[in-house]
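A.B. asks: Sequence:
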Amino acid sequence: MPSKFGRIKDIVLKIFRTFIELETGNDIALHDLTHHLNRVLRDAGFENGFMTVTSQHTTTAISINEYEERLVEDVKAFLSKLIPAKDRYLHNDIALRDCPPDEPENAHSHLAAMLLGSSEVVSLVEGKMVLGQYQSVMLYELDGPRKRKVDVQVYGE
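Heads up: the sequence shown begins at 1 in this note's numbering, then just goes up one per residue.
In case anyone wonders, no lab produced these hints; they're calculated from the structure. Keep in mind that the hints are not guaranteed to be accurate.
Simulated pairs of lysine to aspartate or glutamate, EDC-like, Cα-Cα distance not exceeding 16 Å [as the list claims (entries may be wrong)]:
no.: 1; residue 1: Lys128; residue 2: Asp43
no.: 2; residue 1: Lys86; residue 2: Glu105
no.: 3; residue 1: Lys76; residue 2: Glu66
no.: 4; residue 1: Lys147; residue 2: Glu21
no.: 5; residue 1: Lys76; residue 2: Asp32
no.: 6; residue 1: Lys14; residue 2: Glu157
no.: 7; residue 1: Lys76; residue 2: Asp27
no.: 8; residue 1: Lys149; residue 2: Glu21
no.: 9; residue 1: Lys149; residue 2: Glu69
no.: 10; residue 1: Lys128; residue 2: Glu157
no.: 11; residue 1: Lys81; residue 2: Asp27
no.: 12; residue 1: Lys147; residue 2: Glu66
no.: 13; residue 1: Lys149; residue 2: Glu120
Now the in silico label distances, taken between C-beta atoms and shown as ranges [unchecked claim]:
no.: 14; residue 1: Gly132; residue 2: Glu73; range: 18 to 24 Å
no.: 15; residue 1: Cys99; residue 2: Arg42; range: 24 to 30 Å
no.: 16; residue 1: Arg70; residue 2: Phe19; range: 39 to 45 Å
no.: 17; residue 1: Asp93; residue 2: Ser123; range: 39 to 45 Å
The beta carbon of each residue, even a glycine, is placed where N, CA and C say it ideally should be.
Can you build the whole structure from these sequences, using the hints too?
C.D. replies: Right, here's the structure in full:
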């Protein structure tokens, strides 16, 4: 079917799904997932398409940014100032909630995760993720240390 942009090609996308599991650092910690995702992409064997990367936890986030040691420290300081752990949050009234007695006071972690987002979509071209020179796909641990799981789905041809 012709259009003003050219001919539309019928494509059937295949789906490859896996999980990345990792142990995270204390409190706020950033983890570069890019090398894990490159391995997933090699395993999927697709040339073109896209990849979704989704956190399986409400106190982690996924984001694309530069993974540089000093910037990582700046991110930690910024989030700690923006949403201080010691502020009063209703979620932290453990005695008033129906939850286990060892439930952590982590409302600040939930709020930071909501601001950062839980997933990213990355385009794939010629078997590679389309990322800028300094971009990495990162998991933001906001309530660590913990064992975390990230869902990765690759759609492609």
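A.B. asks: Between Lys147 and Glu66, does the CA-CA distance stay at or below 16 Å?
C.D. replies: Distance of about 23 Å is beyond 16 Å: violated.
A.B. asks: A range of 24 to 30 Å was offered for this pair. Does it hold for the Cβ distance of Cys99 and Arg42?
C.D. replies: 41 Å, violated
A.B. asks: Would the pair Lys128 and Asp43 pass a check requiring their Cα atoms to be no farther apart than 16 Å?
C.D. replies: With a Cα-Cα distance of about 12 Å, the restraint between Lys128 and Asp43 holds, given a limit of 16 Å.
A.B. asks: Lys86 and Glu105: Cα distance at most 16 Å?
C.D. replies: 9 Å, holds
A.B. asks: Just to be careful, I want the Cα atoms of Lys76 and Glu66 compared with a cutoff of 16 Å; is the pair within it?
C.D. replies: 14 Å, holds
A.B. asks: Could you tell me whether the CB distance from Gly132 to Glu73 stays inside 18 to 24 Å?
C.D. replies: At 21 Å between Cβs, range holds.
A.B. asks: Should the hint that Asp93 and Ser123 are 39 to 45 Å apart at their CB atoms be regarded as holding?
C.D. replies: 44 Å, holds
A.B. asks: Straight-line Cα separation of Lys149 and Glu21 no greater than 16 Å?
C.D. replies: OK: Lys149 and Glu21 at ~5 Å, within 16 Å.
A.B. asks: So if I understand the rule, the pair passes when the alpha-carbon distance is 16 Å or less; does Lys147 with Glu21 pass?
C.D. replies: Given pair Lys147, Glu21 holds - Cα atoms ~7 Å apart, limit 16 Å.
A.B. asks: Next pair to validate is Lys128 with Glu157; report whether the Cα-Cα distance is within 16 Å.
C.D. replies: Distance ~13 Å between Lys128 and Glu157 Cα, so the pair holds.
A.B. asks: For a C-alpha distance cap of 16 Å, please report whether Lys76 and Asp27 respect it.
C.D. replies: 9 Å, holds
A.B. asks: Just to be sure I understand the hint, the distance between the Cβ atoms of Arg70 and Phe19 should be within 39 to 45 Å; is that true here?
C.D. replies: 31 Å, violated
Comparing the model with each numbered hint stated earlier shows that hints 9, 12, 15 and 16 do not hold.
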